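**Student:** Quick note: the sequence shown uses my numbering, first residue 1, plus one each step.
Calculated directly from the structure, the hints in this document are not laboratory data.
Small disclaimer: the values here were computed from a predicted structure and weren't measured.
Idealized CB from N, CA, C, for every residue including glycine.
One or more hints might be untrue.
Here are the simulated EDC-like pairs of lysine to aspartate or glutamate, each with C-alpha atoms no more than 16 Å apart in a straight line [said to hold, decoys possible]:
| hint | residue 1 | residue 2 |
| --- | --- | --- |
| 1 | K560 | E578 |
| 2 | K540 | D524 |
| 3 | K560 | D513 |
| 4 | K521 | E504 |
| 5 | K521 | E434 |
| 6 | K142 | D123 |
| 7 | K560 | D520 |
| 8 | K540 | D520 |
| 9 | K560 | D580 |
Simulated restraints, written as ranges between beta carbons of each label pair [unchecked claim]:
| hint | residue 1 | residue 2 | range |
| --- | --- | --- | --- |
| 10 | G280 | H345 | 52 to 58 Å |
| 11 | L66 | V29 | 41 to 47 Å |
| 12 | V114 | L354 | 51 to 57 Å |
| 13 | A344 | T217 | 52 to 58 Å |
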Amino acid sequence: KATVFVEPLDVLELNNRLVELADAEGVEVHHILRRLTTEVWGMRGQIRQIADTLAELNYIVARARLSQLLHCHEPALREDGHLELIQARHPLLVVASQGGLAQPAEGQERSPIVPWTLALEPDTRTLVITGPNTGGKTVLLKTVGLLTLMAQAGLHIPAEEGSQLPIYRHVLADIGDEQSIAQTLSTFSGHMQHIVAFLREADDRSLVLIDELGAGTDPAEGAALGIAILEHLLCRGAKTLVTTHHNPVKSHAYLHGQMATAAMEFDAETLQPTFRVSVGRFGGSNALAISQRLGMPAEVLVTARAHMDVDAHRLVEVADRLQAELQALEQRRREVDNERMEAAHVRAAYESRLGAIDAERRRQLAGAVDEGERLLAEARRRLDEAILEVRRQGTVASAGQAREVLQQVGEELEAVAAKTCPLEGDAKPLRVGEAVWLPIWRVSGVLLSLPDTADVVEVQAGQMTLKVPVSQLEPLHETERSRVPWRIPPRISRVAAPGDVSPELNLIGWRVDDALPHLDKYLDRASAAGLQRVRIIHGKGSGRLRQAVHQLLTSHPLVKAFIPCSPAEGGWGATAVEIDA
Numbered sequence: 001k002a003t004v005f006v007e008p009l010d011v012l013e014l015n016n017r018l019v020e021l022a023d024a025e026g027v028e029v030h031h032i033l034r035r036l037t038t039e040v041w042g043m044r045g046q047i048r049q050i051a052d053t054l055a056e057l058n059y060i061v062a063r064a065r066l067s068q069l070l071h072c073h074e075p076a077l078r079e080d081g082h083l084e085l086i087q088a089r090h091p092l093l094v095v096a097s098q099g100g101l102a103q104p105a106e107g108q109e110r111s112p113i114v115p116w117t118l119a120l121e122p123d124t125r126t127l128v129i130t131g132p133n134t135g136g137k138t139v140l141l142k143t144v145g146l147l148t149l150m151a152q153a154g155l156h157i158p159a160e161e162g163s164q165l166p167i168y169r170h171v172l173a174d175i176g177d178e179q180s181i182a183q184t185l186s187t188f189s190g191h192m193q194h195i196v197a198f199l200r201e202a203d204d205r206s207l208v209l210i211d212e213l214g215a216g217t218d219p220a221e222g223a224a225l226g227i228a229i230l231e232h233l234l235c236r237g238a239k240t241l242v243t244t245h246h247n248p249v250k251s252h253a254y255l256h257g258q259m260a261t262a263a264m265e266f267d268a269e270t271l272q273p274t275f276r277v278s279v280g281r282f283g284g285s286n287a288l289a290i291s292q293r294l295g296m297p298a299e300v301l302v303t304a305r306a307h308m309d310v311d312a313h314r315l316v317e318v319a320d321r322l323q324a325e326l327q328a329l330e331q332r333r334r335e336v337d338n339e340r341m342e343a344a345h346v347r348a349a350y351e352s353r354l355g356a357i358d359a360e361r362r363r364q365l366a367g368a369v370d371e372g373e374r375l376l377a378e379a380r381r382r383l384d385e386a387i388l389e390v391r392r393q394g395t396v397a398s399a400g401q402a403r404e405v406l407q408q409v410g411e412e413l414e415a416v417a418a419k420t421c422p423l424e425g426d427a428k429p430l431r432v433g434e435a436v437w438l439p440i441w442r443v444s445g446v447l448l449s450l451p452d453t454a455d456v457v458e459v460q461a462g463q464m465t466l467k468v469p470v471s472q473l474e475p476l477h478e479t480e481r482s483r484v485p486w487r488i489p490p491r492i493s494r495v496a497a498p499g500d501v502s503p504e505l506n507l508i509g510w511r512v513d514d515a516l517p518h519l520d521k522y523l524d525r526a527s528a529a530g531l532q533r534v535r536i537i538h539g540k541g542s543g544r545l546r547q548a549v550h551q552l553l554t555s556h557p558l559v560k561a562f563i564p565c566s567p568a569e570g571g572w573g574a575t576a577v578e579i580d581a
């Protein structure tokens, strides 16, 4: 049968028109696409750059998400070969603990991750890892290799902050069973193929990881071959980490200066591995204990122990006993570390409290010092007025008033001293007549008496006699004698003749040529008036007037001594003068 298509003449023209329009549409679409392609081609450099940037950003985001997922930190890369992993974890175990891998069998729980810490100095080129089967030796090897590659790929690693890794040119690993029926390779042959290649390629920038060194053959020959392989890799400068059950290999590494041993810990009480690593030790394989935990019949284990070499059996017992003692010591060390940390926290808390107390004491002391300086300045003013009044009137009543002023000033200063905390003084015993320093008032004086029953002494400070506690005194050393502004007689035993001479001469604003004659006349009048101590105010300025005043005082016959005043009296802007009245 044939199919006949009939096209009416009435629609022929319309159909032809439709075909023409469809062809025209196709041509226009081609033109548009060609134009767009030309424009895109002109921006191909920018597009390629954007694509590369997006890929780089995607890579950065992926690394950041991986770092967050695995709780990673950035390791420090070392050039000296130092390797240190702190609380390291295998990435797949971290993911598994978060439910990211296959679920455990029904009735089983996920085992918690046990992080481990491993540190190898640059001089230690070889580490032999020992311990029980299923104890975590192979996982440790894989973790070291994987974290090394992650760090050199620019990734953070699942280890704590402070971890450090060397930069390697080669990471050579032989981990797992390489037997192959197709290639007629046994377990031993598969391992040897890899190790032969390692011996050719390894250098001082290589990390070599070998699991079960010397396994798959006669134990004696395997141990001898393992020792030879380690020595050869050591000569080539490679950093080598291996696991083994051969005692000769363990002993060789333990006694070698550039090799070290590490043991995966085993709990003899629970017959369970702890998955913690301890550098500097070597452990047994614990094959019988692990077989017992896995359900091996007791009679089989008894027979196995009977066939064990007596010396070997004793060695295992000694190793187990040492392992138990070391675990107890490690537990005690952790407890001591915890106690030390708690003690450090308590000490920090007490130091903080002591700091706050000391700050408050200093604040109160500073306030008391300011108040003492104010009272001292006021006392000196009132004393000068009292002395002038006594000399002006020359009566017994005026002298009694002066004594009352002295007593009142002393009581006010003692009240200030009572508000302050005692200061620690020198343990050196004080002697009468010795110069002392009163830090509360920032003045010096002379000790007039030894401590009484209340531990209080009398001190002559200027023209005041103060009663102060011994704890508020400091001996004035020879190098600090300059603090004593003038030498004070122990007692004021006479009242000077009346006079109107002020105990203070202000020369500020005077020219040197005019000031010196005026000062000379003033000293004559002060001596005649019976003044024993006066103050010359010359200001600081350029220092010319002070130098001229000091030069005159040095050669003046009436001047016994002079010294710059204390800060409370003007410091270098004034000079205290002792007159031979």
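**Student:** State for each hint whether it applies.
**Tutor:** Evaluation of the provided hints:
| no. | hint | result |
| --- | --- | --- |
| 1 | K560 x E578 | holds (6 Å) |
| 2 | K540 x D524 | violated (25 Å) |
| 3 | K560 x D513 | violated (24 Å) |
| 4 | K521 x E504 | holds (13 Å) |
| 5 | K521 x E434 | violated (35 Å) |
| 6 | K142 x D123 | violated (23 Å) |
| 7 | K560 x D520 | holds (14 Å) |
| 8 | K540 x D520 | violated (20 Å) |
| 9 | K560 x D580 | holds (6 Å) |
| 10 | G280 x H345: 52 to 58 Å | violated (30 Å) |
| 11 | L66 x V29: 41 to 47 Å | holds (46 Å) |
| 12 | V114 x L354: 51 to 57 Å | violated (41 Å) |
| 13 | A344 x T217: 52 to 58 Å | holds (54 Å) |
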